[in-house]
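Protein sequences appear in the order of chains A and B.
Counting in the numbering used here, the first sequence tops out at residue 329, every number present.
Counting in the numbering used here, the second sequence tops out at residue 164, every number present.
In case anyone wonders, no lab produced these hints; they're calculated from the structure.
Treat the numbers as computed from the prediction; the structure is a model and nothing was measured.
Check before you lean on any hint, since a few could be wrong.
[Stated by the list, open to error] Straight line, CA to CA, 30 angstroms or less: simulated DSS-like cross-link-like pairs of lysine-lysine:
#, chain 1, residue 1, chain 2, residue 2
1, B, Lys103, B, Lys73
2, B, Lys87, B, Lys70
3, A, Lys269, B, Lys70
4, B, Lys103, B, Lys70
5, B, Lys91, A, Lys288
6, B, Lys92, B, Lys70
7, B, Lys103, B, Lys87
8, B, Lys70, B, Lys91
9, B, Lys87, B, Lys73
10, B, Lys91, B, Lys69
11, B, Lys69, A, Lys288
12, B, Lys92, A, Lys288
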Amino acid sequence: GQQLNQSPQSMFIQEGEDVSMNCTSSSIFNTWLWYKQDPGEGPVLLIALYKAGELTSNGRLTAQFGITRKDSFLNISASIPSDVGIYFCAGTVLTGNQFYFGTGTSLTVIP
Amino acid sequence: ETGVTQTPRHLVMGMTNKKSLKCEQHLGHNAMYWYKQSAKKPLELMFVYNFKEQTENNSVPSRFSPECPNSSHLFLHLHTLQPEDSALYLCASSQTYAGETQYFGPGTRLLVL
Numbered sequence: 219g220q221q222l223n224q225s226p227q228s229m230f231i232q233e234g235e236d237v238s239m240n241c242t243s244s245s246i247f248n249t250w251l252w253y254k255q256d257p258g259e260g261p262v263l264l265i266a267l268y269k270a271g272e273l274t275s276n277g278r279l280t281a282q283f284g285i286t287r288k289d290s291f292l293n294i295s296a297s298i299p300s301d302v303g304i305y306f307c308a309g310t311v312l313t314g315n316q317f318y319f320g321t322g323t324s325l326t327v328i329p
Numbered sequence: 052e053t054g055v056t057q058t059p060r061h062l063v064m065g066m067t068n069k070k071s072l073k074c075e076q077h078l079g080h081n082a083m084y085w086y087k088q089s090a091k092k093p094l095e096l097m098f099v100y101n102f103k104e105q106t107e108n109n110s111v112p113s114r115f116s117p118e119c120p121n122s123s124h125l126f127l128h129l130h131t132l133q134p135e136d137s138a139l140y141l142c143a144s145s146q147t148y149a150g151e152t153q154y155f156g157p158g159t160r161l162l163v164l
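Using the sequences and the hints given, assemble the complete structure.
Here it is, written out as structure tokens:
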């Protein structure tokens with residue numbers, strides 16, 4: 219099946235640093251989504267992207283839908299302790315209904 | 052608060068028990084999903100219901116039995132589970148099953164002894 223490669227798998231950063239993570243696929247995607255999951259909770263939608271090249275911000279978070287439609291990245295600026303969690307990318311291919319999820323990036327912010 | 056609620060939040064059961072997980076969405080969506088999330092593994096799609104009809108069953112063992120009485124409610128009935136079924140079970144909903152954004156509930160943390 220479709221696989222989304224998400225990197226890095228984990229990150230340990232100092233509070234105040236910027237963070238960047240990305241997601242790549244072997245197929246062309248129609249939508250890209252970024253979710254955050256806190257321990258013991260369900261994923262919460264952060265940003266949704268629907269057009270190639272689209273750049274969308276949500277507070278300190280910025281995500282972009284890659285021009286090739288095969289990748290997306292998420293940036294977090296000036297990280298704070300509550301940014302800790304697992305960040306998942308997800309999306310749908312150009313044809314089809316199914317959502318595909320990345321394996322997640324675990325973020326730890328050191329105060 | 053995503054508009055998707057799940058109960059119970061935590062469940063411990065023996066292998067011979069029968070229990071049910073409940074999901075309710077208040078978003079007016081028509082598609083609902085069950086996912087299994089095990090430690091260090093990607094989300095695994097289990098079942099999809101679109102307009103109350105089951106459209107996906109990803110080779111899930113019969114000891115998991117879904118039920119969707121209406122577009123707002125989804126159940127997962129559990130019986131004779133195995134310890135390896137211990138995981139976080141997540142419910143999600145979307146407008147329809149057409150690749151639209153999914154909104155997740157908080158999950159039920161299940162432990163099978």
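For the pair supplied as a hint, lysine 69 of chain B and lysine 288 of chain A, confirm whether the alpha-carbon distance does not exceed 30 angstroms. violated, 43 angstroms
Given pair status - lysine 288 of chain A, lysine 92 of chain B, alpha carbons within 30 angstroms: Distance ~22 angstroms between lysine 92 of chain B and lysine 288 of chain A Cα, so the pair holds.
With the threshold set at 30 angstroms, check whether the alpha-carbon distance from lysine 87 of chain B to lysine 73 of chain B stays at or below it. holds, 14 angstroms
Quick one, are lysine 269 of chain A and lysine 70 of chain B close enough, alpha carbons at most 30 angstroms? Not satisfied, since the Cα-Cα distance of roughly 43 angstroms exceeds 30 angstroms.
Between lysine 87 of chain B and lysine 70 of chain B, does the CA-CA distance stay at or below 30 angstroms? holds, 16 angstroms
Restraint check for lysine 103 of chain B with lysine 87 of chain B, where alpha carbons must lie at most 30 angstroms apart: holds, 20 angstroms
Can the restraint linking lysine 92 of chain B and lysine 70 of chain B be considered satisfied, given a maximum Cα separation of 30 angstroms? holds, 24 angstroms
Does the alpha-carbon distance linking lysine 91 of chain B and lysine 288 of chain A stay inside the 30 angstroms limit? holds, 24 angstroms
Straight-line Cα separation of lysine 103 of chain B and lysine 73 of chain B no greater than 30 angstroms? Cα-Cα ~15 angstroms, so holds.
Lysine 91 of chain B and lysine 69 of chain B: Cα distance at most 30 angstroms? With a Cα-Cα distance of about 27 angstroms, the restraint between lysine 91 of chain B and lysine 69 of chain B holds, given a limit of 30 angstroms.
Restraint check for lysine 103 of chain B with lysine 70 of chain B, where alpha carbons must lie at most 30 angstroms apart: holds, 21 angstroms
Just to be careful, I want the Cα atoms of lysine 70 of chain B and lysine 91 of chain B compared with a cutoff of 30 angstroms; is the pair within it? Holds: lysine 70 of chain B and lysine 91 of chain B sit about 26 angstroms apart, inside 30 angstroms.
Violated hints, in rising order: 3, 11; the structure is consistent with all others.
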